[in-house]
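Novice: Chains A, B, C, D, E and F, in that order, give the protein sequences. The first sequence maps to residues 1 to 235 in our numbering. The second sequence maps to residues 1 to 235 in our numbering. The third sequence maps to residues 1 to 235 in our numbering. The fourth sequence maps to residues 1 to 235 in our numbering. The fifth sequence maps to residues 1 to 235 in our numbering. The sixth sequence maps to residues 1 to 235 in our numbering.
Please note that a few of the clues may not be correct.
As the list makes no split between identical chains, a pair holds if one copy fits it or if it spans any two.
[Unchecked claim] Pairs of lysine-lysine residues, derived as DSS-like cross-links and limited to a Cα-Cα distance of at most 27 Å, are as follows:
| no. | residue 1 | residue 2 |
| --- | --- | --- |
| 1 | Lys70 | Lys209 |
| 2 | Lys110 | Lys231 |
| 3 | Lys70 | Lys224 |
| 4 | Lys224 | Lys26 |
| 5 | Lys224 | Lys209 |
| 6 | Lys70 | Lys26 |
| 7 | Lys224 | Lys110 |
| 8 | Lys110 | Lys70 |
| 9 | Lys231 | Lys26 |
Please keep in mind that the hints were generated in silico from the structure rather than gathered at the bench.
6 protein chains.
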Amino acid sequence: MALDPQLAATLSRVTTATLTTLLLKKGLRNVWMRGTRPLDPGQPRLVGSAFTLRFVPAREDLATPESWSKPISTRAAIEAMPEGCIAVVDAMGITDAGIFGDILCARMQKRGVAALVTDGALRDVAGVRATGLPVWCQGVAAPPSVAGLTFVNWGEPIGCGGVAVFPDDIVVADDDGAVLIPQALVGEIAAAAPEQERIEAWIMGEIDKGAALPGLYPPNAENKARYEAAKGGKS
Amino acid sequence: MALDPQLAATLSRVTTATLTTLLLKKGLRNVWMRGTRPLDPGQPRLVGSAFTLRFVPAREDLATPESWSKPISTRAAIEAMPEGCIAVVDAMGITDAGIFGDILCARMQKRGVAALVTDGALRDVAGVRATGLPVWCQGVAAPPSVAGLTFVNWGEPIGCGGVAVFPDDIVVADDDGAVLIPQALVGEIAAAAPEQERIEAWIMGEIDKGAALPGLYPPNAENKARYEAAKGGKS
Amino acid sequence: MALDPQLAATLSRVTTATLTTLLLKKGLRNVWMRGTRPLDPGQPRLVGSAFTLRFVPAREDLATPESWSKPISTRAAIEAMPEGCIAVVDAMGITDAGIFGDILCARMQKRGVAALVTDGALRDVAGVRATGLPVWCQGVAAPPSVAGLTFVNWGEPIGCGGVAVFPDDIVVADDDGAVLIPQALVGEIAAAAPEQERIEAWIMGEIDKGAALPGLYPPNAENKARYEAAKGGKS
Amino acid sequence: MALDPQLAATLSRVTTATLTTLLLKKGLRNVWMRGTRPLDPGQPRLVGSAFTLRFVPAREDLATPESWSKPISTRAAIEAMPEGCIAVVDAMGITDAGIFGDILCARMQKRGVAALVTDGALRDVAGVRATGLPVWCQGVAAPPSVAGLTFVNWGEPIGCGGVAVFPDDIVVADDDGAVLIPQALVGEIAAAAPEQERIEAWIMGEIDKGAALPGLYPPNAENKARYEAAKGGKS
Amino acid sequence: MALDPQLAATLSRVTTATLTTLLLKKGLRNVWMRGTRPLDPGQPRLVGSAFTLRFVPAREDLATPESWSKPISTRAAIEAMPEGCIAVVDAMGITDAGIFGDILCARMQKRGVAALVTDGALRDVAGVRATGLPVWCQGVAAPPSVAGLTFVNWGEPIGCGGVAVFPDDIVVADDDGAVLIPQALVGEIAAAAPEQERIEAWIMGEIDKGAALPGLYPPNAENKARYEAAKGGKS
Amino acid sequence: MALDPQLAATLSRVTTATLTTLLLKKGLRNVWMRGTRPLDPGQPRLVGSAFTLRFVPAREDLATPESWSKPISTRAAIEAMPEGCIAVVDAMGITDAGIFGDILCARMQKRGVAALVTDGALRDVAGVRATGLPVWCQGVAAPPSVAGLTFVNWGEPIGCGGVAVFPDDIVVADDDGAVLIPQALVGEIAAAAPEQERIEAWIMGEIDKGAALPGLYPPNAENKARYEAAKGGKS
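All chains should be built: construct the whole structure from the sequences, respecting the hints.
Specialist: Encoded structure:
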């Protein structure tokens, strides 16, 4: 299911740090996918619906080069990815085999996939960088996926970096890694986020003027009033 | 799919140590489920078809006591287990929440489930022991499953202890833990196993008489001939 | 602060499994101290107020046999332990040095300490067993504490097995390990626990009669009514 | 306690590699804080007295956004930091929550804190970089501290990266990470360090001329004499 | 090199806990082999010279059942073991393959090997127990060694459980695991150990009479004098 | 043994990703050395025969600055390295001590060593970078090797990053890390590699034109024919 473009635009201006604070206030402490680091520093923030892929451990009779031609394969999964989605791959945190290399990433890029997020590793990293597909992953490894992983399906609930990801949940990824927003909460979070960013920007301004932290962050009644006044003045 | 009773009877007389040697000779090195230790020492060897269950990490909006009443729940999964199966549970190696406690194990025992195998933990271990259900697991933890895990489905391919398990693969569990035999190989393995056990028993006899290892284990041509002669003599 | 004896008596009849379920319903998912296993199977359930001890890593200039004679030492800490407390020791999960051996445990036993709980290891385990002090720990290691640990203080907030423990929080330990109840919640939990144990016992009876799980555990309206009726009949 | 400026100046010209060698010769093998990597490559070497902060694991009733306004909070700790200190934060090696983000780091920078060292993670890393505060840490994570940590105090002995750090110990951090010098040893180490750097520079010159390692590094009597002669010639 | 029988007899009456304390006083903090747990509780303390074996990771072209017949094999190593030695096996801490099973252990038992110590796992544990060979190991695993390990040699320096072991170093193993005594120190340690055990026994007696710890353990001048007097009285 | 220059030239044009795929087709799944990351991004691919070095854990009586002057030392090992070799160092994955610093790396560079590969850490990383020696390692640590490691020998079989390395095996290292080619297979692999690279380049061209993955990668009969035709046309 495609993500509403206006929600996506709003979320693309909110840091994952702010999103995790808002989600914690809703009772969700476990939404940040461990090990999802940007392959290249400075990748822009990306937002999309999750398209999930799932691996189980390798078994020599199943995880073979021949398996790449089967109807259920990573190749078929990629052809099923809708434009603008974020592919989220459960590699069980295994980092000694690369889930994808340059060819698969090039095809994802061609299909308009927004980003690839995994708790596993990529291979042929020089080639992957050349495709321009934005990637968040735990590392780099030369061996093919079948050296450590058996692909089983797409479109299922998965774990990625210790976080439960269901198809069509929302993923936001930036310099701090990738964060999950449950589909049911995305409207609420997107509504609250811009104000949170605004007040934090005002606080940074106060810090810059030499203000001390207690009473400022989080703001007490007095500072909330000052912020509201300043906001009024700005608008 | 029920396991052929004769195959099951044959396999129940073969150690998992011997089975892993035979599987390695077929090219399968990764069939032993890490962390699957017998809950009680001296549990008899058990054999059955795998009935798989799958968890993903906990999410506070999903992993709730209320989830226990949903149509897709561990409760529903247990009611779907056929008699004689071995339930194999993918807990992603998480050992700080218990997948099942005494009540669920008691029901499994009532339904004739042969054994429970998991890379996770059990809870209320005193109660579980009292049910008499044979369990292979990685540990014991007081918290309920929803403290760390979200149940997602049964009857799917899973990973358990770093091993790929597909529904209806064969599982054998003894003092050394639980081992997977791919369904396609079970006939071949069951055919070869008794002879392997026989020759190892003969070798143990030779060791007992003071024989040295080189040439004996594995046997060279001379010792193979001696074994064949001894076997002939016995039969 | 001593724990109210009636609360203690109530809690001593409740499994840690049930306590963690009740605490999760209050929003606390992280109360089970990882790695706290009973040194001997079959130790009875114990309840007490937490008396905390804290180690930091070893430093060769500080963690010396001479440090054992200092005013701030594990020896002094033991002499400060009140009767009936449970000593909870933050060893940072380090398991290659033993925090205490037979002599310190013998003194704790003499002083009426109810139990020792740690995410670290004990040493001279044969001697510790002989003292009769009930111990929950992560393992056994021959080296003295100073081989890996520097003792710093008692009576401070600590982490033990990934759980925050404050002085005078309540600790309950049984076959499933040790669980923390925040002091502010102990009354509420102790009030709810016996009923939870009663209904689970009734459910076990139903399982024994062959009832299926869905609708029974947790009970739906119909089964709740049946339980209430049964309870009425019993009383 | 402020570090003597001349000692600081001397130490700022010595690599942490050389400092650990000198400390090992004094019997201290465990002084390098594991996981303390420069947030940005090329940060200059920094020296300061340790100002310690301590976290324990998160507990949902304690680790809340409300806790940020308490008298004992990370905010209050920052206001207590003296100019020129190095803040050393015990995050128990937890890397899935960020101890501080841009606002707290901006305030530290304003207060003249020399550097932030932790075995945990930072959050809002783009914002943190913008503050200009030099940081050594184990990684980056979007979630707020309360998602995984409860702050308990400042000015206490802590562990950081497996090293015991006491308030007012000296910390030196460079490309190789952060190293602890016990306060009692800092004079002795600072006295020996420049000579060690000098002889290593001379050895590098010999290597450059094609000399072999045995007898040169460490230098035997002949090479020591040659070095002394060269040094004499230079001065 | 065979261990002097009188030294062996002395050491067999000293706990590994006491030995590690004495070695720490000589500056050796790292002598306890992590993960070396007695296979069966209650195994008597054993003492012997180390006979080392070394594995590297498995490689499919080398770690084959055929390799068991090579001149350099675990079989040949066992035939080279002298009576009374303790075999110490470097399995690099790998616990998902068993280094030895019942047949190899039976042969070691026949040859008079005192014990087997490893940071790896045993396989066919029921069979191994039946041989009567005392074993200290990190676990149990069904797969054969070649599933995870390639044997390379015997009689070389190794690491075992994070400890450097050289051929002919002394090993003592009891309920607390296995401890290394460098060959050069064994005389000194054996000379000091009985007195250390005697004073600790006297301290235990004092504890039993109700004495407090400070000043007693370690004893201050007054208590040392009392101990000396008591010792005099006894002899 | 020096590597044939033509083989080396061929291999230097093949990615380690492609090499691991070819080795997997020969049955070798475990050839990629975990943790061997390029110290600097963009290091060119390097090929050489393995020259092995082996450490065991530190022991305070052996791992001393004095040991650096012994006949068997890292210094002597470096002087034994032939020009063009790749030094592969088994540090048992220990990353809290640096195996080598600037002086040893400078000498290796002088001797014409092609590269240094280790599963351990380097120290004085700024100095190491200045030497120009290409390094693949798991990290950076200030402490000297003797803080955590005892050097034992060179020219022996070792494990590095979970891979068995024998002297004179071939090592290829690039952006994806370092890969082992058994000496016996190097001719075969070098013969097959260029064609594999050619067909993958053709596939990338097809992807660029918008082709879908199924049937293309790996190519089915039709696409193989198209590739052969294209290849014919090119030549």
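Novice: Take the hints in turn and mark each one as holding or not.
Specialist: Against the structure, the hints:
no., hint, result
1, Lys70 with Lys209, "between (63 Å within a copy, 23 Å between copies)"
2, Lys110 with Lys231, "between (44 Å within a copy, 24 Å between copies)"
3, Lys70 with Lys224, "between (60 Å within a copy, 17 Å between copies)"
4, Lys224 with Lys26, "within (21 Å within a copy, 31 Å between copies)"
5, Lys224 with Lys209, "within (17 Å within a copy, 57 Å between copies)"
6, Lys70 with Lys26, "between (43 Å within a copy, 21 Å between copies)"
7, Lys224 with Lys110, "between (48 Å within a copy, 22 Å between copies)"
8, Lys110 with Lys70, "within (22 Å within a copy, 40 Å between copies)"
9, Lys231 with Lys26, "within (26 Å within a copy, 38 Å between copies)"
Comparing the model with each numbered hint stated earlier shows that all of them hold.
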